[in-house]
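Visitor: If you want the building blocks of each chain, they are given just below.
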Amino acid sequence: MCSICGCASSEQRIEGTSSGDHHFHPHSSENCDRLPFASRRLVDIEMDVLAKNNHIASHNREHFAAAGILALNLVSSPGSGKTTLLTRTLTQLASGVECAVIEGDQQTTRDADRIRATGVAAIQVNTGKGCHLDAQMVHDALHQLSPAKNSLLFIENVGNLVCPASFDLGERHKIAVLSVTEGEDKPLKYPDMFAASGLMILNKIDLLPYVSFDVDACIAHARQVNPRIEVIALSATTGAGMEQWLAWLEQQRCA
Amino acid sequence: MHEITLCLNAVEIMQQVGRKNNARRIIAVWMEIGALSCVEPEAVQFCFALVCRETLAEGAILHLEKPVATHWCDACQQMITLISPGVSLCPHCAGRQVRVIADSGMKIKRIEIE
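Sequence lines, in order, name chains A and B. Under my numbering, read the first sequence as residues 1 to 255, first letter to last. Under my numbering, read the second sequence as residues 1001 to 1114, first letter to last.
Think of the hints as simulated: they come from the structure by calculation, not from any bench. Check each hint, because a few of them may be wrong.
[Stated by the list, open to error] With a cut-off of at most 20 Å between alpha-carbon atoms, the simulated DMTMM-like pairs for lysine to aspartate or glutamate come out as follows:
1) K1020/B with D111/A
2) K1066/B with D192/A
3) K1020/B with D44/A
4) K129/A with D111/A
5) K1066/B with E46/A
6) K1109/B with D44/A
[Unchecked claim] Derived list of chain B stretches under chain A, where covered just means 3 residues or more per stretch with a C-beta under 8 Å from a C-beta of chain A:
7) 1004 to 1011
8) 1066 to 1072
9) 1090 to 1100
10) 1104 to 1112
Nothing here was measured: the structure is a model prediction, and the numbers come from that model. The beta carbon of each residue, even a glycine, is placed where N, CA and C say it ideally should be.
With the rest of the complex left out, here is chain B (with noise of 0.2 Å):
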């Protein structure tokens, strides 16, 4: 939910950089979304090309990933697996003690400006 205000913020972002690094474009950015994040991909490449319009980073390639989550069992004390990606169950304890490591948010890595 939100892709447009995310979108409406990174950009700012992204122009307050680019303007700070005398950017006469921005090319690309690179942008993470949280696994644990509603952020819905498909919606942040649409309103993206909409906000970027008449500004710095106008045209600019928008390369989006999604990092998987990793998880934490609890009772294991350790870094684990999961077998299948909807049941949090630990594979080695079969407890239900897991939790999940992962950003919920959405994060600028990098422009490329010139």
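Only chain A is shown next, with the shape it has when bound in the complex (with noise of 0.2 Å):
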């Protein structure tokens, strides 16, 4: 029995607590008013749980737009490629295109360092315990980086195919990275990181031989979560590829 109100409705425990009297249970107002001539009355709030997120990712997209910056967000897996593909685009990007890259890791500045030796401008964000970027964390970021006008800003997220899928971050698209070692049917397992990038990467080609990994099927199945999803295939190493992926990005610079 509630000790509270003498109720004796079914306990909801919370870990941790002690039994007993200890349970914890919201008291419905048909039983429990204490306070019977006090006014009530319901205030509409209608707001997404994550305004927060999304207001700030709202005024970074907005910056983008104001300065010209093509913002790409790049998700995938740990170990699918990321910042291997980034070195070689920078390396490979026409002189004439300025970049910029956030990189996003729970440790260390090891990728940041990798984008630096370069020569493109990199600031690392260390999430400690955290699982994804931020749209908070990329503001803070940015005012840091300060990328130049008409430039190239790629955001590397912390390698994790869940949740970057529900943070916006401002970008312009987000691009999915999904290597021939990690499984074909991972669209369909991670459908919400796929539904919400605009390109798909499929790295590491050139292992092709030695897996058993059916591109068509993986290319199906994303456009099964996604219809309009684009696939570019790759290799990071040997730069196969890459030139469409390159073509593609001048297409957005330009749209």
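Make the complex out of the two chains shown on their own, each in a separate frame, by following the hints.
Guide: Following this line, the structure appears as structure tokens:
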């Protein structure tokens, strides 16, 4: 029996609390109203719980638009080859294109160091226990990085095929990087990420002779969760398919 | 995932609105979980009670709704109802160009205050 109102409603235990009277349950207004004349009213809110993140993301998006910056959010599992793809891309991009990179990892600055070794400015965000970048982190990183007008900004998200799908950073596109060593059914297993991405890059195609990866099946799966998704297959290590990716980037920059 | 973050954000919004409306306490809240979201209702229920402790929303009753996703067939150019939830095939043209129309977030609809 509840010691607060004497009701015997079934307990909702909160893990870690001791047994007995320390159960917690919400008291319905009919049974436990000790202030019968207090005025009650409903207040409409109609707000997304992630409104704060979305608001900051919109602010980022406006900033990018005003400065003509093409911001791209690279998402994938850990080890798909995002950083290698970036370093290769940055060295192959036309010299006229200015670039900047925001790197996200739980720990270390290793990825940002690799980017800087190519001569491109990079800033590392270490999320600690966090599993994804959010709009506030990108906003703060932007203020330090100060990308030039009409430049290309790559945001390499924390390696994670789940959470980044829910957190808008203000990017123009999410780009899902999937390597051929990961299994062609990943788009079906992680539909939210592939549904949220404008482009899927199939990386490590140089390893196709050594793995049983069905490229056509993978593309079909991706189109099932996102009929509009574009696909580019390449190898960041050998350079195969890079021309198609660079052409896509150029097309987006001019859009 | 991130149900605790969502609950923290939700209670912050609820308190802001509550204070603006001179509430002494928040009695109940109605929230909607989008069909495309990765949110687990059970986890929200668990986290919500914890997060409300020592706030204006302590003891608030949480009403969670999970509206069913609707679907649109690009080929038929009309809203359709799937025959079976897991199978993304249009019941009219048997095509695969089916788009899910649903929220991917969590929304606070309203609160009851006194």
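Visitor: Taking the hints in turn, state whether each one holds.
Guide: The hints, checked one at a time:
1. K1020/B with D111/A: Violated: K1020/B and D111/A sit about 45 Å apart, past 20 Å.
2. K1066/B with D192/A: Distance of about 17 Å is within 20 Å: holds.
3. K1020/B with D44/A: holds (13 Å)
4. K129/A with D111/A: Satisfied, since the Cα-Cα distance of roughly 18 Å is no more than 20 Å.
5. K1066/B with E46/A: holds (15 Å)
6. K1109/B with D44/A: holds (6 Å)
7. 1004 to 1011: holds (count 3)
8. 1066 to 1072: Contact hint for the stretch 1066 to 1072 of chain B vs chain A: violated, 0 residues under 8 Å.
9. 1090 to 1100: Holds, because 4 residues of the stretch 1090 to 1100 of chain B bring their Cβ atoms closer than 8 Å to Cβ atoms of chain A.
10. 1104 to 1112: holds (count 9)
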